[in-house]
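**Student:** What follows is each chain in one-letter form.
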Amino acid sequence: MTDKKQPTDNISRRNVLKLGAGAAAVGGAPMFFTRHAYGADFLNNPGDSGTVTLGFNVPQSGAYADEGADELRAYKLAVKHLNGEGDGGMMNTFKPSALTGEGILGKKVEYVTGDTQTKSDAARASAKRMIEKDKALMITGGSSSGVAIAVQGLCQEAGVIFMAGLTHSNDTTGKDKKANGFRHFFNAYMSGAALGPVLEKAYGNNRNAYHLTADYTWGYTTQESVQTSTEAIGWETAQNVLTPVGAGDFSQYITPVLNSGADTLILNHYGKDMVNSLTQAIQFGLRDKQVDGNDFVIIVPLYSRLMAQGAGDAVKGIFGSTNWHWSLPDEGSQAFVKSFGQEYGFPPSQAAHTCYVQTLLYADACERAGTFEPCQVGAALEGFKFDGMGNGPTEYRAEDHQCFKDVLVVKGKENPSSQFDLLEVVEVTPRSQVEYPVDHPMFAGGDLGTCNNGA
Amino acid sequence: MFKFSAASDWMLFLLFSAVVLTMPIWLAPIGANYPDLMQRFAIFGLFAIGFNLLFGLTGYLSFGHAAFLGVGSYTAVWSFKLLTMNVLPAIGLAILTAGLFALVIGFVSLRRSGIYFSILTLAFAQMSYNLAYSVLTPITNGESGLQLTLSDPRVIDTAMGEVVGRSLPSTNLFGIKMSGMPGFYFCAVVLIIGFFISLRIFRSPFGTMLRAIKSNQTRMSYTGFNTRPYLLAVFVISGMYAGLAGGLMAVTDPLAGAERMQWTASGEVVLMTILGGAGTLIGPVLGAGIIKYFENIFSAYNTTQLNQVFAALPDGLQEIMVSVASMFVGKSWHLTLGLMFVIVVIFLPGGIMEGVRRIGGLFRRGQKSPESASAAAASTTQA
Chain A
1 MTDKKQPTDN ISRRNVLKLG AGAAAVGGAP MFFTRHAYGA DFLNNPGDSG TVTLGFNVPQ
61 SGAYADEGAD ELRAYKLAVK HLNGEGDGGM MNTFKPSALT GEGILGKKVE YVTGDTQTKS
121 DAARASAKRM IEKDKALMIT GGSSSGVAIA VQGLCQEAGV IFMAGLTHSN DTTGKDKKAN
181 GFRHFFNAYM SGAALGPVLE KAYGNNRNAY HLTADYTWGY TTQESVQTST EAIGWETAQN
241 VLTPVGAGDF SQYITPVLNS GADTLILNHY GKDMVNSLTQ AIQFGLRDKQ VDGNDFVIIV
301 PLYSRLMAQG AGDAVKGIFG STNWHWSLPD EGSQAFVKSF GQEYGFPPSQ AAHTCYVQTL
361 LYADACERAG TFEPCQVGAA LEGFKFDGMG NGPTEYRAED HQCFKDVLVV KGKENPSSQF
421 DLLEVVEVTP RSQVEYPVDH PMFAGGDLGT CNNGA
Chain B
1 MFKFSAASDW MLFLLFSAVV LTMPIWLAPI GANYPDLMQR FAIFGLFAIG FNLLFGLTGY
61 LSFGHAAFLG VGSYTAVWSF KLLTMNVLPA IGLAILTAGL FALVIGFVSL RRSGIYFSIL
121 TLAFAQMSYN LAYSVLTPIT NGESGLQLTL SDPRVIDTAM GEVVGRSLPS TNLFGIKMSG
181 MPGFYFCAVV LIIGFFISLR IFRSPFGTML RAIKSNQTRM SYTGFNTRPY LLAVFVISGM
241 YAGLAGGLMA VTDPLAGAER MQWTASGEVV LMTILGGAGT LIGPVLGAGI IKYFENIFSA
301 YNTTQLNQVF AALPDGLQEI MVSVASMFVG KSWHLTLGLM FVIVVIFLPG GIMEGVRRIG
361 GLFRRGQKSP ESASAAAAST TQA
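So the sequences go chain by chain: A and B. So the first sequence is numbered by the working numbering: it starts at 1 and just counts up by one. So the second sequence is numbered by the working numbering: it starts at 1 and just counts up by one.
Since the hints were made in silico from the structure, they are not lab data. The C-beta atom is built at its ideal place from N, Cα and C for all residues, glycine as well. Among these hints, one or two may not hold up.
[As the list claims (entries may be wrong)] Stretch-level coverage of chain B by chain A, calculated; a stretch enters the list once three of its residues show a Cβ under 8 Å from a Cβ in chain A:
| no. | segment |
| --- | --- |
| 1 | 34 to 44 |
| 2 | 129 to 143 |
| 3 | 296 to 302 |
Please model the entire structure based on the sequences and the hints provided.
**Tutor:** See below:
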């Protein structure tokens, strides 16, 4: 291939380039022969090796670092349980399960970690390192939909499975869906659909909403979903203002809300951004305000216990939705909370939950497929129905690789009993109410494409 | 112009080519011989070489070079989307657009020198970043980054009768996939060509003129030279290098994100150049390699791996070593890099290349060597 790049304009350079090409051939030869030396059937085939490597790619710095840290804890716990250490957590309640507690397909599970820095470039570099250097068979992680979409695209091109962690944008399994990518977490549309009826019951039909929205794919789709479902219950939308991710200070965006005539503030923010914007909104006295006889209210479409902890008293009485909460009474949730608590001394967040579940689901799909070959693993995940993972009966829809399950609508507790007991579940919205057809306009324009195994 | 001035330049060029092309072999012991990282070595090497042409020769410190890198990336990805998956048009267009962009920014910024020039370039780069991040979202796809889709037109490919199935096509050079090792060799060859051009510029009258601007611009003006055209020319060349590097980034991984244009990315290339040795030929490439190595390898160390490294030590000592070492690896890799940078700048103001020269000087002290002495003198003035 070096030959093609030889400039032909100058003769005196010919010798130099010949030497260069020769060196390239000599240097490259071993790589070409060893790259697919064993198992040319798919990328990073572990072959006869006794171990299998998974790549955990989470934000360890930036606005979503808290979520990332909790995700990593969950991944480590999942690896422990898969290798038969600890009490097994949700492996005991997950059904139907093909997991053995002896690794995956008899191979001990090992892992590598990386920092996405909440940046697409850094996340892709880190995922590439895992795939090319550490021979990771599966990449998982998230906490920013922009990053998740970028890494999902990379995994599709490279030919490994991507098990999305916390990513809530409609696009992940909508217009940017990929055959190699799978998402267990719920999405913005589901949040909107679940919040609508609850908000109607709590706040009536006559409200005027002002949106502050994180300036990227997750913010856009969340805003769109919430606007659609609030307008369906008769609310008006005053304005939508985009704010940069990781802004820190939101006061310049909150001041105009006071004079906009709106009586509802919808914060399409997540992580530290939500902690900051909500705290500042409360400090500015928004909630003590009355507009046209309505008490001013704030809504946070995507809630997490970690964020509630960060925002402290500010979350009291504020509605939002969440994928999972540690106080759920079902067997699976309790088993997970118990083993996570024993390991780390505090309950897991929804980010930790979805990451733990995704790791187990991947392992289980490998067991059922009887191979690590990405396309067969993917086929085993498609249409898979399971229970006992904390969300009730769940299905991986084959058409867009999105999990469908019940959604929780939560509210900040007025009288928390501990520093972790900050949210109460207001309603468990059944799956039927948040389900949508594959070609729903908010998810249109994408194509899974064909599965790529990297061979 | 195309005749080497000295045999030593030939040797340097040959040695450089050999070292670059044999990377997969000699990087193996330090765990850096995987394609993605080697591609990065080559790409950022090019970026730093281009930056060094401006900063090393004229002393004009641009704090906005990442903007050209980003422009190059976006152009290349658009070329993949609209024209063809072949990498040559993408790279050509990336260089061209970045050059034009540099012409505009350079025309304005070069009206000032020193700190004002730096601030102007920084301002332009931040402006580009914010434009790419939110205002120009239809062109740049904002935070998610510009990606290929199945529905892209790819006019030339379609006209050539290439049918795209349901999986994304990959970037190629007349059929050779530009990911993995072929991608690295492509980048490596481009780096070698870029190095050659840089070498020619260093040795040319044009290069001498630029050095003269660095040593005393006022004197240049008094002797009747208009320095602005020379500065603008080298600024544009430097921008084109950055555009080329950005284009190559898109070639090896067809995605362009706005964070490539952020001021931290501009600062990184300054660090690379100073760490390696500003104004030297090899230094910037060396600096780029070191920083990318730290970023990709050091940042990925976790306690499990550290335990393996120190496994030979007795238990208590192992724990202490692991806890001390973990402060410098993993997410704290910036700390290590910062310390190293401080040490280099204090003890070796000419960068790592000065260190290399000093060590070389130790060996040659016995012999009479007017050449090395003058080289050392030249290096100190350059630093």
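**Student:** If a hint holds in the structure, say so; if it does not, say that too.
**Tutor:** Quick rundown of the hints versus the structure:
Counting residues of the segment 34 to 44 of chain B whose C-beta lies closer than 8 Å to any C-beta of chain A gives 5; at least three are required, and the coverage claim holds. Only when three residues or more bring their CB closer than 8 Å to a CB of chain A does the claim for the segment 129 to 143 of chain B stand; here the count is 4, and the claim holds. Remark: the segment 296 to 302 of chain B is confirmed as covered by chain A, as 4 of its residues place a Cβ nearer than 8 Å to a Cβ of that chain, reaching the required three.
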